[in-house]
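Take a look at the letters that make up each chain.
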Amino acid sequence: MALHSITAHGMPELQGHHDVHHEEHWFLKYCWSTDHKMIAKQYLVTGLLMALIGGFFAYVFRWQLAFPNQPVPFFGVVTPASYNMMITQHGTIMIFYVAMPVLLAAFGNYLIPLMVGADDMVFPRLNRASYQVFLISSVILIWSFFVPGGGFGGAWTAYPPLSAGSQYNLTPSGSTLWVVAVAVEFVAFLMGGINFIVTAMNARAPGMKFVDVPLAVWMIVIASVMFMMSVGPLIAGSVMLVMDQNFGTHFFDPRTGGDPVLWQHLFWFFGHPEVYVVLLPALGFLAEILPVFSRKKLFGYRTLLYSSIGTACLSFFVWAHHQFISGIDPRMANVFAATTVLISIPIAEIMFVFIATLYRSSIQFTVPMLWALSFVAEFLVGGVTGIFLGASGADIHFHDTYFVLAHFHYTFFPIAIIGSFAGLTYWFPKMFGRHLNEGLGRVHFWITIISFNFIWMPLFFTGIMGDHRRIYSFANFPDLMTPDRILLREISSVATAVMGIAQVLFFANFFWSMYKGRKAEDNPYNANTLEWRCPSPPPHGNFAVMPTVYRSPYEYNHPDREVDFWPQDEPPAGQGELRPEGAH
Amino acid sequence: MAEQHPSHESGGIGWQPLARSVFLTTFLGAVIVVGTVLFYIFAGGEDLIARLIPANSSFAGDIDFVILVIAGIVGFWFFASLFAFFVLLYQSRRRPGHKPEYLAKHDHQLHTWVSWPHWLVIACDLIIIIVAVKVWHQVKQVAPPADTVIRVVAQQWGWTFRHPGTDNKLDTVDDIVTIDRLHVPLDQVVHFELQSKDVMHDFSVPVFRLKQDAVPGRTIKGWFKPVKAGAFDIQCAEMCGIGHGLMPARIFVETPEQHAAFLEDSARNASVPGGQSIY
Numbered sequence: 176m177a178l179h180s181i182t183a184h185g186m187p188e189l190q191g192h193h194d195v196h197h198e199e200h201w202f203l204k205y206c207w208s209t210d211h212k213m214i215a216k217q218y219l220v221t222g223l224l225m226a227l228i229g230g231f232f233a234y235v236f237r238w239q240l241a242f243p244n245q246p247v248p249f250f251g252v253v254t255p256a257s258y259n260m261m262i263t264q265h266g267t268i269m270i271f272y273v274a275m276p277v278l279l280a281a282f283g284n285y286l287i288p289l290m291v292g293a294d295d296m297v298f299p300r301l302n303r304a305s306y307q308v309f310l311i312s313s314v315i316l317i318w319s320f321f322v323p324g325g326g327f328g329g330a331w332t333a334y335p336p337l338s339a340g341s342q343y344n345l346t347p348s349g350s351t352l353w354v355v356a357v358a359v360e361f362v363a364f365l366m367g368g369i370n371f372i373v374t375a376m377n378a379r380a381p382g383m384k385f386v387d388v389p390l391a392v393w394m395i396v397i398a399s400v401m402f403m404m405s406v407g408p409l410i411a412g413s414v415m416l417v418m419d420q421n422f423g424t425h426f427f428d429p430r431t432g433g434d435p436v437l438w439q440h441l442f443w444f445f446g447h448p449e450v451y452v453v454l455l456p457a458l459g460f461l462a463e464i465l466p467v468f469s470r471k472k473l474f475g476y477r478t479l480l481y482s483s484i485g486t487a488c489l490s491f492f493v494w495a496h497h498q499f500i501s502g503i504d505p506r507m508a509n510v511f512a513a514t515t516v517l518i519s520i521p522i523a524e525i526m527f528v529f530i531a532t533l534y535r536s537s538i539q540f541t542v543p544m545l546w547a548l549s550f551v552a553e554f555l556v557g558g559v560t561g562i563f564l565g566a567s568g569a570d571i572h573f574h575d576t577y578f579v580l581a582h583f584h585y586t587f588f589p590i591a592i593i594g595s596f597a598g599l600t601y602w603f604p605k606m607f608g609r610h611l612n613e614g615l616g617r618v619h620f621w622i623t624i625i626s627f628n629f630i631w632m633p634l635f636f637t638g639i640m641g642d643h644r645r646i647y648s649f650a651n652f653p654d655l656m657t658p659d660r661i662l663l664r665e666i667s668s669v670a671t672a673v674m675g676i677a678q679v680l681f682f683a684n685f686f687w688s689m690y691k692g693r694k695a696e697d698n699p700y701n702a703n704t705l706e707w708r709c710p711s712p713p714p715h716g717n718f719a720v721m722p723t724v725y726r727s728p729y730e731y732n733h734p735d736r737e738v739d740f741w742p743q744d745e746p747p748a749g750q751g752e753l754r755p756e757g758a759h
Numbered sequence: 012m013a014e015q016h017p018s019h020e021s022g023g024i025g026w027q028p029l030a031r032s033v034f035l036t037t038f039l040g041a042v043i044v045v046g047t048v049l050f051y052i053f054a055g056g057e058d059l060i061a062r063l064i065p066a067n068s069s070f071a072g073d074i075d076f077v078i079l080v081i082a083g084i085v086g087f088w089f090f091a092s093l094f095a096f097f098v099l100l101y102q103s104r105r106r107p108g109h110k111p112e113y114l115a116k117h118d119h120q121l122h123t124w125v126s127w128p129h130w131l132v133i134a135c136d137l138i139i140i141i142v143a144v145k146v147w148h149q150v151k152q153v154a155p156p157a158d159t160v161i162r163v164v165a166q167q168w169g170w171t172f173r174h175p176g177t178d179n180k181l182d183t184v185d186d187i188v189t190i191d192r193l194h195v196p197l198d199q200v201v202h203f204e205l206q207s208k209d210v211m212h213d214f215s216v217p218v219f220r221l222k223q224d225a226v227p228g229r230t231i232k233g234w235f236k237p238v239k240a241g242a243f244d245i246q247c248a249e250m251c252g253i254g255h256g257l258m259p260a261r262i263f264v265e266t267p268e269q270h271a272a273f274l275e276d277s278a279r280n281a282s283v284p285g286g287q288s289i290y
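Chains A and B are the protein sequences, given in the same order. Residues in the first sequence are numbered consecutively from 176, following our numbering. Residues in the second sequence are numbered consecutively from 12, following our numbering.
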């Protein structure tokens, strides 16, 4: 690592960790490494393991719903308490321990320094601390399943007074550990988030203007800013909830002047932006993958960027659409219905940009491209069904039914699962230096996508037909036990099991290819962004020569070029290595 | 963005006919799909939702109408986008001799293709907001004068219903209190006072399109007017603990004769020790 290349980035005082770029003791390498790529992989593996737990829970309670009160294969009889615990922890795990660590933390850590042309995060030790704290929080969450009384079962939204009193929820330790685990995790993501923001602002390669920053980086940065702005109220709420649970305070206790609806405001003020916190990184992946495999410049870089910022801002003003019928003043619903429906404008704009990018392109249907394209198609379903719920009049019927769940999963599955698979299959050669098996990837893709639609399409209809969520057995409701409803539930549950089994293909492909896959070139896709300009996998310190950026990341098929791509750091013809105006 | 080549226009000539064909296909496809649905609705299928779940209250049809209006509008957008998406996937598939186009900047005309849908989306949003808020106002913000008033009390894990009895006044000696069975007269405006003794619950009658959270410490008022006799499910729609799936109740919508019989029966039972009135 030449010293001048570090100094050129204007941050020599932060480079103390650079003199340890040699082979390290395994403890230092795996438990104390400050390399952003190692931390990213640790976030990734932790997230994937948590996904297995969350997915298994989904299989168990889906089976119980289709075949009530019969023993579930590989689990046993589902009691109401274990059912409640599993739906609660499924939601918690999939949002906070899968989507956040994989989309935001793993890819944020991996991509930001590589894509902006830096040798590491600006605060590498803070980054290490972030993962360590996250790991502790995961351990606390899993521990909470095994304490006396069992894990918390009051739904992932944890509405008090149910969540605040063990006389109501019957999980005296589980509920406190649940709140603590989630709150500790927020600390981890705040540390990660500040790193993402500062790195993208201060450690960009010389010449990288704000419109030259790849959109994946932009999106993760916007998401981090949103997370920081929204999480404060929830952390305050969590502290109040823990105190209500254990120290006899009455913040949410109506008998002594507290207000249980206050929690809902604090929770959803965070909870709605949170959806966009995980949505934006996935959109960022699409913005990288679609141009590469359609060999065409992204249609409307600024449109996408500004629409995303618009979505982010607007998402702070829609939270009460989760509370239309929760006892808030009904007049408030009118305001929130309007703001909610207006979110369709920037989101539609984003979808137009993606679809328009395909126009007159040359599409290669590789596995990452299939995932990216399926995101567009599936997210459209989630987007349009959201309108029904934002429209207050229609929400009276749909609220808390399976229609909500189906809508939510049509947004969240594309985000958390399709987005993660798109990112993983796309950046796998860079991360591990080897290619995934293409054929296995396709089989896995098609089984996953088809079974996903078979899980959730029927549940839109059971939702319209009056199935409410979080009810462990519909057998107690005569109106809900008609043959058509039962059939729809069974289709959904069998599809869940199929999808679960199909993930074996992914994990087999993932771990086999990591060691035995075809060796990957530095730039296997002929992509433009900087992460493809360093070795696969990149060494500690990333770039042999720190790059200088000359152009936007999406210059494909430029008419002046022989080849159909134009890397960001390739000097223009007739110009030397130096660019006069330099960095920002 | 490609400031090096500001002079480079949208590339090849002849994108306009192609774009026009893409968008015409899209538009026509969406119109055909949505048109078929609309035709079906106006040809006697306005009960599209009611075929899935009966619409048994006076405002159920209005809420179903909101749902159908939204379904028509977003259905158009959904199919239009999907058609455009798949048409483009087919047209742009990689094949020999097919070269992608380089767009140096927002081409004015291409931009139009994105911006007019954008304004259309705003117009559609306004329609949806107006329709939704109108029905919301009618169901949740105002209520027709009450013919009878009941009290619904939720607790872990059951429902207590207080009926006004023969004098049609709550909190008098002839009130009828029942557990998990609610009796209301057909075609009468029923006001309810919803309370909870412990945690959040939710009083939901899907066939009425009625749903309201019960918040401990508050009395929340609402109304409904049943228009069809029969017995229907009441569900708790807010997670309330391990018995959340175990608090089913039934609502009995009764003709005047049936309701009179219920009142008479209850009055007789109430005079017997150990009878139905347990308060």
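Just so you know, these hints were derived from the structure itself, not from any lab. Think of the CB as a built atom: it goes at the ideal place given N, C-alpha and C, for glycine as much as any other residue. Careful: at least some of the hints might be erroneous.
[Said to hold, decoys possible] Derived DEER-like restraints, expressed as beta-carbon distance ranges:
hint	chain 1	residue 1	chain 2	residue 2	range
1	B	F38	A	D659	41 to 49 Å
2	A	M418	B	T123	52 to 60 Å
3	B	I138	A	M632	20 to 28 Å
[What the hints assert, rightly or not] Listed below are several chain A residues computed to face chain B (Cβ distance under 10 Å; list not exhaustive):
hint	residue
4	P246
5	P248
6	G251
7	I317
8	W318
9	V322
10	N344
11	P347
12	T351
13	S501
14	V559
15	S567
16	R645
17	V738
Now the hints, each set against the structure:
1. B:F38 - A:D659: 41 to 49 Å: Given about 35 Å between the Cβ atoms, the range is violated.
2. A:M418 - B:T123: 52 to 60 Å: 57 Å, holds
3. B:I138 - A:M632: 20 to 28 Å: Given about 26 Å between the Cβ atoms, the range holds.
4. P246: 18 Å, violated
5. P248: Hint on P248 of chain A: violated, closest Cβ of chain B at ~21 Å, above 10 Å.
6. G251: Where the cut-off is 10 Å and the nearest Cβ of chain B is about 17 Å from G251 of chain A, the hint is violated.
7. I317: Since the shortest Cβ distance to chain B is 21 Å, the answer is violated.
8. W318: 21 Å, violated
9. V322: 16 Å, violated
10. N344: 6 Å, holds
11. P347: 13 Å, violated
12. T351: 16 Å, violated
13. S501: 5 Å, holds
14. V559: Holds: closest Cβ of chain B sits about 4 Å from V559 of chain A, inside 10 Å.
15. S567: With a minimum Cβ separation of about 4 Å from chain B (threshold 10 Å), the hint on S567 of chain A holds.
16. R645: 5 Å, holds
17. V738: 13 Å, violated
In summary, the numbered hints that this structure violates are 1, 4, 5, 6, 7, 8, 9, 11, 12, 17.
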